[in-house]
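Engineer: What follows is each chain in one-letter form.
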Amino acid sequence: MKVFIWCPDELLGGLVSHRLRQQGAAVADISTEDELLAKAADDSCNAVLVHYSKPIDEYCELIRRIKSDRSISRPAVYVLSWVQYESTVMSLFESGADEYLTLPLNLPRLMDKLNKKLAL
Amino acid sequence: MTDAILSLLLNILSGALVVIALILAAGFRLRRAVLSLKASSLSLEAQYRAELYRFLDSEEPVRKVRFPLLGSPIGASTLTLLISKLAAQLYGRERERLLGLFRDLGLEKRLCNDICRADDAERANLLRFYTEIVPTFDTLKQITGFLRSENPDVRLYALLAHLNYCPEKTADMLMRYPHELTLSGQKEICRLLAARFVPVSDCCRRLLESGRKNCVLLGLSMIAYFDLQKYRPVILELVDSLDPAIRDGALRVLVIVRFSQIDGAVYRALDQMGEHDRKMFYRMLVRAQYSTPILSRFAKYEGDSPLAAYLNLMISGHTIPLRPIAATAH
Chain A
1 MKVFIWCPDE
11 LLGGLVSHRL
21 RQQGAAVADI
31 STEDELLAKA
41 ADDSCNAVLV
51 HYSKPIDEYC
61 ELIRRIKSDR
71 SISRPAVYVL
81 SWVQYESTVM
91 SLFESGADEY
101 LTLPLNLPRL
111 MDKLNKKLAL
Chain B
1001 MTDAILSLLL
1011 NILSGALVVI
1021 ALILAAGFRL
1031 RRAVLSLKAS
1041 SLSLEAQYRA
1051 ELYRFLDSEE
1061 PVRKVRFPLL
1071 GSPIGASTLT
1081 LLISKLAAQL
1091 YGRERERLLG
1101 LFRDLGLEKR
1111 LCNDICRADD
1121 AERANLLRFY
1131 TEIVPTFDTL
1141 KQITGFLRSE
1151 NPDVRLYALL
1161 AHLNYCPEKT
1171 ADMLMRYPHE
1181 LTLSGQKEIC
1191 RLLAARFVPV
1201 SDCCRRLLES
1211 GRKNCVLLGL
1221 SMIAYFDLQK
1231 YRPVILELVD
1241 SLDPAIRDGA
1251 LRVLVIVRFS
1261 QIDGAVYRAL
1271 DQMGEHDRKM
1281 FYRMLVRAQY
1291 STPILSRFAK
1301 YEGDSPLAAY
1311 LNLMISGHTI
1321 PLRPIAATAH
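Protein sequence lines, in the order shown, are assigned to chains A and B.
The opening position of the first sequence corresponds to residue 1 in this note's numbering, with each subsequent residue numbered one higher.
The opening position of the second sequence corresponds to residue 1001 in this note's numbering, with each subsequent residue numbered one higher.
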């Protein structure tokens, strides 16, 4: 199983990567949007974890591209964020996000969701 | 006689050379120590991070965790920073384990002592840790005095530490807090309440009803931050406030929550505003893509550069009819 993590917070991203690796997943840390799209096209992944910190439109567009690009194998997209606005969450779901988890993060809950989705 | 003077001079010279050599050697040693400390702080962070991840994965007690050089000031500050950053983003068992580690390693006592000894700038920086880490009652007693500090940052972070200890009593605490709260301070409080999952509806009602400026402004920020729909009518009432700070706060929140029924109260407030505030409010409305009839109300304020207003409208995709240019006599 392969999971891509795009998290500007190295500490949190590192913890999630560490936990996923412990459970046997192959994890790739991504630092830019282009890198994410390129890697996702080259190497099929099962899930993408995005830590949302930029303007919402950029994420919606990115998720739309991930979900609509035929060269990418339609991974499950998980978004982590502090933002709790209903409109923001709805926009992300409309653009194709599978899960939206608000920070502070309950790590076991995220792992449960990933386990169920990916059957790690 | 001359020999005696010469030997004395030689003795003094050799003594001076020995002292200079000792000073240089001490300088080199000090420099090496500083460089090695810098290098060790960088490698320490990586080591501590790996150890923290391992600790969170396991069920092992704190006494079995090994953090090298934790006794040094660099070690303690590096670990405090890592724990506070990580604890802020986590919830549940992981957070509790991190906070337990912080206390059991004696970092809290050390941090508290540092806060009491530091100057104001450093103190504010250190107090910030307590916005992420819940302080103990003993710590709270020691930092209560900083609520009356002359430095606004120290006051704010001391207040946030108190709210973090008991976030359910935010309204009571704010009603007793005599100093003005900045917009960033209000946002910090909202962020803290969100991070601690405190039910905010009742707290917001009490703040809005209190009539105190600080409390009402925080209540308004809470409406915007938590998108509290049922208090939206209150925003319109506050737009009519005689206090300019409350009026401007209400208008700001009105736009943030994208309130659609902008009515007479808002237009009356426009008349009372200064030119600068009116321009700022106008820009907020344009950014939030309010409709042309609302925006065109600004056209009557001749001093606010109607041309700039028109250009803003065009940029934001609105179309308004141009006023016919009066025929000029040649």
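These are calculated hints, taken from the structure and not from any lab test.
Since this is a predicted model, take the numbers as computed values, not measurements.
Take the hints with a grain of salt, since some may be wrong.
Only pairs whose alpha carbons sit at most 25 Å apart, straight line, appear in this in silico SDA-like list of lysine to any residue [what the hints assert, rightly or not]:
hint: 1; chain 1: A; residue 1: K39; chain 2: A; residue 2: I72
hint: 2; chain 1: B; residue 1: K1187; chain 2: B; residue 2: S1084
hint: 3; chain 1: A; residue 1: K113; chain 2: B; residue 2: Y1290
hint: 4; chain 1: A; residue 1: K39; chain 2: A; residue 2: Q84
hint: 5; chain 1: B; residue 1: K1230; chain 2: B; residue 2: I1256
hint: 6; chain 1: B; residue 1: K1085; chain 2: A; residue 2: I72
hint: 7; chain 1: B; residue 1: K1169; chain 2: B; residue 2: E1096
hint: 8; chain 1: B; residue 1: K1169; chain 2: A; residue 2: I56
hint: 9; chain 1: A; residue 1: K2; chain 2: A; residue 2: A38
hint: 10; chain 1: A; residue 1: K113; chain 2: B; residue 2: I1256
hint: 11; chain 1: B; residue 1: K1085; chain 2: A; residue 2: N46
hint: 12; chain 1: B; residue 1: K1187; chain 2: A; residue 2: K116
hint: 13; chain 1: B; residue 1: K1230; chain 2: B; residue 2: F1137
hint: 14; chain 1: A; residue 1: K117; chain 2: B; residue 2: F1137
hint: 15; chain 1: B; residue 1: K1187; chain 2: A; residue 2: D112
hint: 16; chain 1: B; residue 1: K1085; chain 2: B; residue 2: S1007
hint: 17; chain 1: B; residue 1: K1085; chain 2: A; residue 2: I56
hint: 18; chain 1: A; residue 1: K116; chain 2: A; residue 2: E58
Derived DEER-like restraints, expressed as beta-carbon distance ranges [as the list claims (entries may be wrong)]:
hint: 19; chain 1: B; residue 1: N1113; chain 2: A; residue 2: K117; range: 44 to 50 Å
hint: 20; chain 1: A; residue 1: S31; chain 2: B; residue 2: P1244; range: 28 to 34 Å
hint: 21; chain 1: B; residue 1: R1176; chain 2: A; residue 2: D42; range: 56 to 62 Å
hint: 22; chain 1: B; residue 1: K1141; chain 2: A; residue 2: K117; range: 43 to 49 Å
hint: 23; chain 1: A; residue 1: D34; chain 2: B; residue 2: Q1229; range: 37 to 43 Å
hint: 24; chain 1: B; residue 1: H1276; chain 2: A; residue 2: D42; range: 49 to 55 Å
Virtual Cβ for every residue (Gly too), placed ideally from N, Cα, C.
Engineer: Take the hints in turn and mark each one as holding or not.
Structural biologist: Going through the hints against the structure:
no.: 1; hint: A:K39 <-> A:I72; in the structure: holds (9 Å)
no.: 2; hint: B:K1187 <-> B:S1084; in the structure: holds (19 Å)
no.: 3; hint: A:K113 <-> B:Y1290; in the structure: violated (39 Å)
no.: 4; hint: A:K39 <-> A:Q84; in the structure: violated (30 Å)
no.: 5; hint: B:K1230 <-> B:I1256; in the structure: holds (15 Å)
no.: 6; hint: B:K1085 <-> A:I72; in the structure: violated (34 Å)
no.: 7; hint: B:K1169 <-> B:E1096; in the structure: holds (21 Å)
no.: 8; hint: B:K1169 <-> A:I56; in the structure: violated (33 Å)
no.: 9; hint: A:K2 <-> A:A38; in the structure: holds (15 Å)
no.: 10; hint: A:K113 <-> B:I1256; in the structure: violated (33 Å)
no.: 11; hint: B:K1085 <-> A:N46; in the structure: violated (29 Å)
no.: 12; hint: B:K1187 <-> A:K116; in the structure: violated (36 Å)
no.: 13; hint: B:K1230 <-> B:F1137; in the structure: violated (36 Å)
no.: 14; hint: A:K117 <-> B:F1137; in the structure: violated (43 Å)
no.: 15; hint: B:K1187 <-> A:D112; in the structure: violated (32 Å)
no.: 16; hint: B:K1085 <-> B:S1007; in the structure: violated (66 Å)
no.: 17; hint: B:K1085 <-> A:I56; in the structure: holds (24 Å)
no.: 18; hint: A:K116 <-> A:E58; in the structure: violated (28 Å)
no.: 19; hint: B:N1113 <-> A:K117: 44 to 50 Å; in the structure: holds (47 Å)
no.: 20; hint: A:S31 <-> B:P1244: 28 to 34 Å; in the structure: violated (45 Å)
no.: 21; hint: B:R1176 <-> A:D42: 56 to 62 Å; in the structure: holds (60 Å)
no.: 22; hint: B:K1141 <-> A:K117: 43 to 49 Å; in the structure: holds (48 Å)
no.: 23; hint: A:D34 <-> B:Q1229: 37 to 43 Å; in the structure: holds (39 Å)
no.: 24; hint: B:H1276 <-> A:D42: 49 to 55 Å; in the structure: holds (53 Å)
In summary, the numbered hints that this structure violates are 3, 4, 6, 8, 10, 11, 12, 13, 14, 15, 16, 18, 20.
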